[in-house]
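The task is simple: from the sequences and hints, build the whole structure.
In my numbering, the protein residues as written are 150 to 575.
If you're looking for bench data, these hints aren't it; they were derived computationally from the structure. For clarity, every value in this text was computed on a predicted model and none was experimentally measured. Each residue gets a CB set at the ideal place from its N, CA and C atoms; glycine is no exception. It is possible that some hints are incorrect.
[As the list claims (entries may be wrong)] Dumping the calculated DSS-like pairs for lysine-lysine here, alpha-carbon to alpha-carbon at most 30 angstroms: (1) Lys312 to Lys301; (2) Lys249 to Lys368; (3) Lys466 to Lys567; (4) Lys301 to Lys563; (5) Lys270 to Lys178; (6) Lys563 to Lys300; (7) Lys327 to Lys567.
[What the hints assert, rightly or not] Estimated spans, in silico, between C-beta atoms of each pair: (8) Thr555 to Lys264: 41 to 51 angstroms; (9) Ser265 to Leu352: 27 to 37 angstroms; (10) Lys248 to Gln434: 30 to 40 angstroms; (11) Leu288 to Arg162: 47 to 57 angstroms; (12) Gln465 to Ile341: 12 to 22 angstroms.
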Amino acid sequence: MLQLKVIREDKKRIINGLRKRGWQAAQLKVIERIIETDDRRRSTQKLLDDLLAENKVLSKEIGQLMGQGKKAEADALKARVAAIKDQSRQLEEQFADIKKQLDDLLYTVPNCPHKSVPKGKTADDNKVAKAWTKPFPSLPADALPHWELAKKYNLFDFELGVKLTGAGFPVYRGKGAKLQRALIQFFLDEAIKAGFEEVIPPLLVNEDTARGTGQLPDKEAQMYTCERDNLYLIPTAEVPVTNILRDEILPEKSLPVKLTAYTPCFRREAGAWGAHVRGLNRVHQFDKIEIVQVEHPDRSYQTLQQMVRHVSKLMQKLELPYRILLLCGGDMGFASAKTFDFEVWSGAQQRWLEVSSVSNFETFQSNRMQLRFRDAEGKIQLAHTLNGSALALARVVAALLENNQTPEGIRIPKALWKYTGFKVIS
RNA sequence: GGAUGGGUGGGUGAGUGGCUGAAACCAACGGUUUGCUAAACCGUCGUACGGGUAACUCUGUACCGCGGGUUCGAAUCCCGCCCCAUCCGCCA
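So, in structure tokens, the structure goes:
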């Protein structure tokens, strides 16, 4: 969530930012409400603190009087303390109430877009940051979409997944499974080469962790839950990996923290089913390699660019036609200040598929998570968090299969040969 | 799942009702000494939210797993919850 201090001191910038997300005057009123509520919180706290301070002093006096055997005088003070207590109880309730109101309001405000983020409402307003200028792969007229290719070459099986679990849980098999594993290994190796430390986190997380990265309360419906144990299946490795640093105060010299993890991701995608979701285009369980960085605020936008370059390199090595979009305010995620999406061209479907999203969250996550560092002057500041998919598998596989189909079989890009052990699927 | 023992600052760990935001030690940081390193010595060394200030200093409150209760006063006593460790059972 946004920092109160920033909302108060930088109100204009925040309001302008929210306008870029398409916020109207009526919605923007929440900013004033937040400031008013915070004013009430402060004045209530002052009253309460003063009362408690008096209480403390009197209590000490009573103790001394009792020690000296001056019982009558002590009793007189006790009466005053009792009155204070009544009052402070009331104030405490008020204070808790105001604080809750304030938090509830803060939870409704998304991150303020960076100044370079274009204004816009929907995906149509996104800017192409890097277009694909080379020709698309030329496929035969009877080119098959990946779900047909999967049947033809026995690579994965949706019906079987339905039998075992339900729709959206594919079973990969044979060379399809091997390809999956090869990609995971390839992506991890590339991340490690780029200086990320690999971690293998739990796939189930507790409530605090889900709250830390903002899945709770914003995206609760997106997650699968284990109610009995009060745990959540992770929708992305971002959740456990970023939370590794929750409630930490890092020394400045340890920045940036660079972590990577391969995990399956579980998403309910409730209500998201419609056109264009056949095959691997949208599934409930998919594999993803995530890269996470915790960075000094002064350097986080350089770091964002560096992460974009890393993902670009992956695309190039896999010989996939891709483009990079700079998301407009209205299409950005709730927590993000700036996001680049990567899309690969899916030859047989003749459409772009989103395979990566690289974002700078600035202090939006770290504020909620209390992820801080001690700067050169010894002051404690919130760190910036960034993350990106590098890469999400299912759709990459879809594009790979479709784009590389030939009459002789499906060509595997050279970069993967040493991982797959085969050059063609036939 | 059953039994027992625990949760205190970055770590170890003392603390049973007021003198405790918390001893001591370790780690860390700064300094003295030193040719360098080490050792020794000195010093600093929790967080959050307020008030005040031009600013540093100053100042109030809260926090000893979480929530509630008793009391003039709670890290300390009582109740509920959560978590952890060990043993047994089960098991990859």
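Verification of the supplied hints:
Between Lys312 and Lys301, the direct Cα distance comes to roughly 20 angstroms. Compliance with the 30 angstroms bound is thereby established for this hinted pair. For the hint linking Lys249 to Lys368, the alpha-carbon distance of about 20 angstroms falls within 30 angstroms, and the restraint holds. Distance check on the hinted pair: Lys466 and Lys567 sit about 13 angstroms apart at the alpha-carbon level, within 30 angstroms; holds. Taking the CA atoms of Lys301 and Lys563, the gap is near 23 angstroms; set against the 30 angstroms cutoff, the hint holds.
Under the criterion of a C-alpha separation no larger than 30 angstroms, the hint pairing Lys270 with Lys178 is consistent with the structure, at around 19 angstroms. Straight-line distance between C-alpha atoms of Lys563 and Lys300 comes to about 24 angstroms, which keeps the hinted pair within the 30 angstroms bound. The hinted pair formed by Lys327 and Lys567 meets the criterion: a straight-line CA distance of about 12 angstroms does not exceed 30 angstroms. Between Thr555 and Lys264 the beta carbons are some 47 angstroms apart, a value that agrees with the proposed interval 41 to 51 angstroms.
About 35 angstroms separates the C-beta atoms of Ser265 and Leu352, a value consistent with the hinted range of 27 to 37 angstroms. Under the hint 30 to 40 angstroms, the C-beta atoms of Lys248 and Gln434, about 39 angstroms apart, fit the expected range. The beta-carbon spacing between Leu288 and Arg162, approximately 48 angstroms, falls within the hinted interval of 47 to 57 angstroms. At about 18 angstroms, the CB distance of Gln465 to Ile341 agrees with the hint of 12 to 22 angstroms.
In this structure, none of the earlier numbered hints is contradicted; all agree with it.
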